[in-house]
Each structure stands twice: as C-alpha cells, then as structure tokens.
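In our numbering, the protein residues as written are 2 to 141.
A hint or two may mislead.
To be verified - Simulated pairs of lysine-lysine, DSSO-like, Cα-Cα distance not exceeding 30 angstroms:
1. K3 <-> K36
2. K36 <-> K74
3. K3 <-> K69
4. K36 <-> K114
5. K9 <-> K74
6. K9 <-> K36
7. K114 <-> K74
8. K3 <-> K74
9. K69 <-> K9
10. K116 <-> K74
11. K116 <-> K36
12. K69 <-> K36
13. K69 <-> K116
14. K114 <-> K69
Note that these hints are calculated values from the structure, not bench results. As the structure is a prediction and not an experimental result, all values here were calculated from the model.
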Amino acid sequence: MKTVYIPKGETVRYESLTTEHLVVHGCLEVAGGIKARTIAGSGTVRAGAVNADVIRVDDVDAGSIVCKRLLAKRVQSPEVYASESAAVSCFLSAAYVETGRLTVTLSEIDEVKAKQIINLPTRQRTPLGTLPASMWRAFW
2 MKTVYIPKGE
12 TVRYESLTTE
22 HLVVHGCLEV
32 AGGIKARTIA
42 GSGTVRAGAV
52 NADVIRVDDV
62 DAGSIVCKRL
72 LAKRVQSPEV
82 YASESAAVSC
92 FLSAAYVETG
102 RLTVTLSEID
112 EVKAKQIINL
122 PTRQRTPLGT
132 LPASMWRAFW
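Given only the sequences and the hints, what does the whole structure look like? Please build it.
Here it is as structure tokens:
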C-alpha cells in the first residue's frame with residue numbers, strides 16, 4: 002500500500018504495517034512493527050516498534066522508535082533513535098535517547114546521547130510551534 006489513512010474517531014489494529022505514507026488522525030495500534038517513509042497526523046500511534054524517516058504525530062507509544070526526524074507532543078518509548086533531530090512539545094519519557102538535536106519541554110530520560118539539547122520553558126505550544134522556539138533558544 003502506498004498510503005494508509007486512519008480517520009478521526011476510529012481505532013484500527015494491525016499485526017504489522019508496512020507502507021510509504023501513514024496518516025493517523027484516530028488511533029493506530031500495531032502489535033508488531035510499523036515501517037513507513039512518513040508518519041503524520043494528529044492521532045495516536047501505539048506499536049511494538051516504529052521505523053520511519055519522518056514522524057510527525059501527537060502521541061507515540063512504542064517499544065522502540067528509529068527515525069531521521071521526530072516531531073510530537075507526547076512520546077513514550079524505552080529507546081528513541083532520531084538521527085537528525087527529535088522535538089517533543091509536551092512530555093518525553095524514555096530510558097535512552099540518541100539524536101543529533103533534542104528539543105524538549107518536560108522529560109523523564111535516563112540516558113541521553115545528543116550533540117545539542119534544548120530545554121524549552123513549560124508553555125502550551127503545538128509541535129510545529131516548538132521548532133521556532135527551539136531555533137530561538139539555540140541562538141540565544
């Protein structure tokens with residue numbers, strides 16, 4: 002499949018999922034792993050493992066996350082590997098995070114390996130609103 006769409010208000014369950022583009026406005030529950038080029042939407046993703054180039058959703062709850070760029074409101078995962086950047090606007094809970102640039106507001110992380118860590122003040126902002134705040138804070 003090229004694109005999988007989960008509409009708002011629906012919960013969809015899969016054993017495993019492989020697609021190019023995944024748009025989640027509802028709730029997606031995958032027992033195994035998700036492999037996609039992009040994952041986007043304003044919904045919730047729960048999976049054993051998430052493997053994607055770009056993840057841009059509200060909530061991610063996974064056994065492990067491997068991506069290039071992560072942008073989310075809330076993330077809960079034992080392991081987060083984001084090769085370029087990870088920006089979490091509300092709360093990040095992880096045992097291990099490895100990334101180039103980490104931007105967080107509130108976090109509960111045991112171990113971090115990052116080239117740059119930016120802690121933003123607690124304020125309600127959208128995931129896309131986190132990016133300009135992160136750039137301003139890095140410049141400051």
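Against the structure, the hints come out as follows:
no. : hint         : verdict
1   : K3 <-> K36   : 12 angstroms, holds
2   : K36 <-> K74  : 21 angstroms, holds
3   : K3 <-> K69   : 20 angstroms, holds
4   : K36 <-> K114 : 24 angstroms, holds
5   : K9 <-> K74   : 17 angstroms, holds
6   : K9 <-> K36   : 21 angstroms, holds
7   : K114 <-> K74 : 21 angstroms, holds
8   : K3 <-> K74   : 26 angstroms, holds
9   : K69 <-> K9   : 26 angstroms, holds
10  : K116 <-> K74 : 22 angstroms, holds
11  : K116 <-> K36 : 26 angstroms, holds
12  : K69 <-> K36  : 13 angstroms, holds
13  : K69 <-> K116 : 15 angstroms, holds
14  : K114 <-> K69 : 15 angstroms, holds
Of the numbered hints given earlier, the model fails none.
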